[in-house]
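Those protein sequence lines, which keep their order, are chains G and V. By full-length UniProt numbering, the letter at position 69 of the first sequence is numbered 69, and the numbering carries on one by one without gaps. By full-length UniProt numbering, the letter at position 60 of the second sequence is numbered 60, and the numbering carries on one by one without gaps.
FYI, nobody ran anything at the bench for these hints, they're computed from the structure. Any given hint might turn out to be false.
Some chain V residues close to chain G (C-beta under 10 angstroms, calculated; not the full set) [to be verified]:
id	residue
1	Leu90
2	Gln148
3	Gln192
4	Leu233
Source: prediction; values computed, not measured. C-beta: ideal position from N, C-alpha, C; glycine also.
2 protein chains.
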Amino acid sequence: MLNKLRVVMVNTTHSGNIGAAARAMKNMGLSRLVLVDPIACIDEEAIQRSSRADDILHNAEIFPTLEEAIAGCGLVVGTSARSRSVPWPLMTPRQCGDRVAQAAVADNDIALVFGRESRGLTNEELHLCNAHVHIPTNETFSSLNVAQAIQVMAYEMRLALTQTDTDESTQRWGVDWDYPMATHEQLNGMLQHMEQTLVEIGFLDPNTPKQLMTRLRRLYQRAAPDRMEVNILRGMLAAVQRTASSNDNAHNKQGEQD
Amino acid sequence: MLNKLRVVMVNTTHSGNIGAAARAMKNMGLSRLVLVDPIACIDEEAIQRSSRADDILHNAEIFPTLEEAIAGCGLVVGTSARSRSVPWPLMTPRQCGDRVAQAAVADNDIALVFGRESRGLTNEELHLCNAHVHIPTNETFSSLNVAQAIQVMAYEMRLALTQTDTDESTQRWGVDWDYPMATHEQLNGMLQHMEQTLVEIGFLDPNTPKQLMTRLRRLYQRAAPDRMEVNILRGMLAAVQRTASSNDNAHNKQGEQD
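Whenever a hint applies, use it, and build me the whole structure from the sequences.
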């Protein structure tokens, strides 16, 4: 669905920004770049800054007016830093992602329109848009570089249009973990082993346990160890127990001989 | 809360990227930039690309090592494009925003670590992190420019940290926690103590350490222990060491008497 989206840059002054925009687009899986009456051309700096996204630069379409650039689009969203005299529907980038996803599912072409480095889009251009999007910024330093604005928007569009990236359940510790999570019983067994061991080395007094085991339980449950990690911890505990028991034996032997 | 965050750039090669990073940070309300062993310096191009965010450049801190750059941090997140031999907790940028918000609410310092333009962070550097974050990208063109990666992350951090404190995500882990998170150095000190103790009880062979300490480091960094928890763990380790040393003494005494 990302192919339903075009990125429209209006009157861009710096070729490096066009190149950086192409790279940001390609990173996020967008490919269609449209330039409206560009002041910069696609030169060496653009190609260098695109970092091998020059296919997007070479395929960029150029139109003299915004109207031509957005022809055929069912949804046109303009980026805007300023609030306007006539208020327009205004979305956050995330809301824009939802809206764009709805439009793309319904097979609409969609344009995201970005203005000049110096002063953004004109009121007339903004009035050609279905809605505006405002990237939240520091109020005292609010002017994003245009390629950075395209990066943020392309990132949100990718999230909205590719479902796997938003499936949080598979992302908790990452999809490619090497061992399965320890079960509750396995973790519990380790904690009992730990408690026993701490008593044996005299660190835990079973008569005044305080909150020691509660805090240790919280720590390890929070980490949600995998089975290998539980095995390592139990191996450590067994080694501590051997040390303690060899200690007792030595003391006992010593006692016998005293 | 944005002032609890530092952006750490490791071995950056291009001064323009440092400048663009400073602008992206300031746009999103971040101000603390830390450079680890930078190859580029803060030159004219950096200042030009920063577009009046040169205050951030002039205040940038420079350290020879990542460890020094993340000193004092309760949460360290490294950006990673690759999957690793030992998998580490992996978050999306949005999940990272939640986690950072929790840590910031609880008054912890936080580092977001970004690697070299050419090859990101080393495994050793990534292993110093509590968790990794992966910005979702086009699989066939996945390498983001470092300033663009900082833009996306700073944007997500701004969204997460400027939400009201009544938001559910900030209530989960940070707000009412009883102790501050251990700093990176405190956790590192505990891990060194653990390594030493495991050698003393014969569980870790320093000549064939395999991945034992890497797995333990991952486990404890993932849990991001608070200071009380680190104190408890160190207390346990000291008790194990006393047991082992008393064992040695007993054996020695026994030897003397044999």
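Gln148 (chain V) was flagged as interface toward chain G. Is the shortest Cβ-Cβ separation under 10 angstroms? This hint holds: Gln148 (chain V) lies near chain G, its Cβ roughly 5 angstroms from the closest one there, short of 10 angstroms.
Given hint Leu90 (chain V) near chain G, where the shortest CB pair must fall under 10 angstroms: 3 angstroms, holds
Measuring from the C-beta of Gln192 (chain V) to each C-beta in chain G, is the shortest one below 10 angstroms? Where the cut-off is 10 angstroms and the nearest Cβ of chain G is about 16 angstroms from Gln192 (chain V), the hint is violated.
Quick one, is the Leu233 (chain V) hint okay against chain G at 10 angstroms, beta carbons? 8 angstroms, holds
When each numbered hint is compared with the structure, a violation occurs for hint 3 only.
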